[in-house]
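Residue numbers (my numbering), protein chains in the order written: chain A, 1 to 113; chain B, 1 to 113.
Hints are not guaranteed to be accurate.
As the list claims (entries may be wrong) - Straight-line alpha carbon distances no greater than 25 Å define the calculated SDA-like cross-link-like pairs of lysine to any residue that follow:
| id | chain 1 | residue 1 | chain 2 | residue 2 |
| --- | --- | --- | --- | --- |
| 1 | A | LYS52 | A | PHE62 |
| 2 | B | LYS9 | A | THR112 |
| 3 | B | LYS57 | A | ARG108 |
| 4 | B | LYS71 | B | VAL12 |
| 5 | A | LYS52 | B | GLY42 |
| 6 | A | LYS56 | A | THR26 |
| 7 | A | LYS77 | B | LYS71 |
| 8 | B | LYS9 | A | ARG108 |
| 9 | B | LYS71 | B | MET27 |
| 10 | A | LYS60 | B | TYR103 |
In short, the hints are calculated from the structure, not lab data.
This is what each chain is made of:
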Amino acid sequence: GDSVTQMEGPVTLSEEAFLTINCTYTATGYPSLFWYVQYPGEGLQLLLKATKADDKGSNKGFEATYRKETTSFHLEKGSVQVSDSAVYFCALSRTGTASKLTFGTGTRLQVTL
Amino acid sequence: NAGVTQTPKFQVLKTGQSMTLQCAQDMNHNSMYWYRQDPGMGLRLIYYSASEGTTDKGEVPNGYNVSRLNKREFSLRLESAAPSQTSVYFCASSLQGGKETQYFGPGTRLLVL
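One chain only, chain B, in its complex shape:
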């Protein structure tokens, strides 16, 4: 039981390049989330998926797209990376909505030059 896994762990991009961050969970959770963590700002929600087949914008969605590929997998895509997207990205999942606990992956550190 691996919980929430993320790939890659670290990535360096040049401005304008694209990439996809992968996330998978093996807990049969319905809801999945993408956050970014920046110094002094806590974690901010980028996108979330309440259930398979649905996605919604969070607090900071600009410059990102997501795909809920199936119940297990939720990917985050940067179409044209910008230095402002340098951050640590965390994927999380929860059994369902409401007041459920979220379980986090280990994070992807992204540097955009």
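Chain A on its own, in the form it takes in the complex:
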């Protein structure tokens, strides 16, 4: 079945540091890939997505590229801010009558001054 593997957290960085959160997936066919972010006490919100191989999703300075050859969708940001502190979830969905999401376990990011 489908699965998503994320790097374990928590990840602690100083403000303005470079961020990478690794995500790899297992799925047949051509899933869509997503990064969702969950700020403390809130629900999840979409950060970025990519729907086909070599697509790059980007939003708020975050980027991720859909790499089919390595089945990866790593999240990167060049300079993190304290306000980026949150839990980040990688997810995939398959084409079907409902866009059921398969999530990774989440990676907590803590950014300090």
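Assemble chain B onto chain A, guided by the hints.
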């Protein structure tokens, strides 16, 4: 435009009690979903409704029932709560199936004693 709303925000139950979690969306979305979030396990799909009038089991449906009351509303019922159902429950919706983005509610925190 409230997006996805959930009630209640927090609930404490005793083992064996029943309750219904309510979810509504005002985005005219066709598909709706219920997830549970547990530490170290990401989000897991309980049930989903691809369109009004249809419901299907997700990854962890045991102990739950759902009702798609109309296009806007999708409720989750625990008939006889167990401590293993202590979790945070999220409702989500998407315009349709396939690779559509899901929009999440703020969550319901449930504690079963």
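Hints, one by one, checked against the model:
no. : hint               : in the structure
1   : A:LYS52 / A:PHE62  : holds, 18 Å
2   : B:LYS9 / A:THR112  : violated, 30 Å
3   : B:LYS57 / A:ARG108 : violated, 29 Å
4   : B:LYS71 / B:VAL12  : violated, 29 Å
5   : A:LYS52 / B:GLY42  : holds, 24 Å
6   : A:LYS56 / A:THR26  : holds, 19 Å
7   : A:LYS77 / B:LYS71  : violated, 38 Å
8   : B:LYS9 / A:ARG108  : holds, 23 Å
9   : B:LYS71 / B:MET27  : holds, 10 Å
10  : A:LYS60 / B:TYR103 : holds, 18 Å
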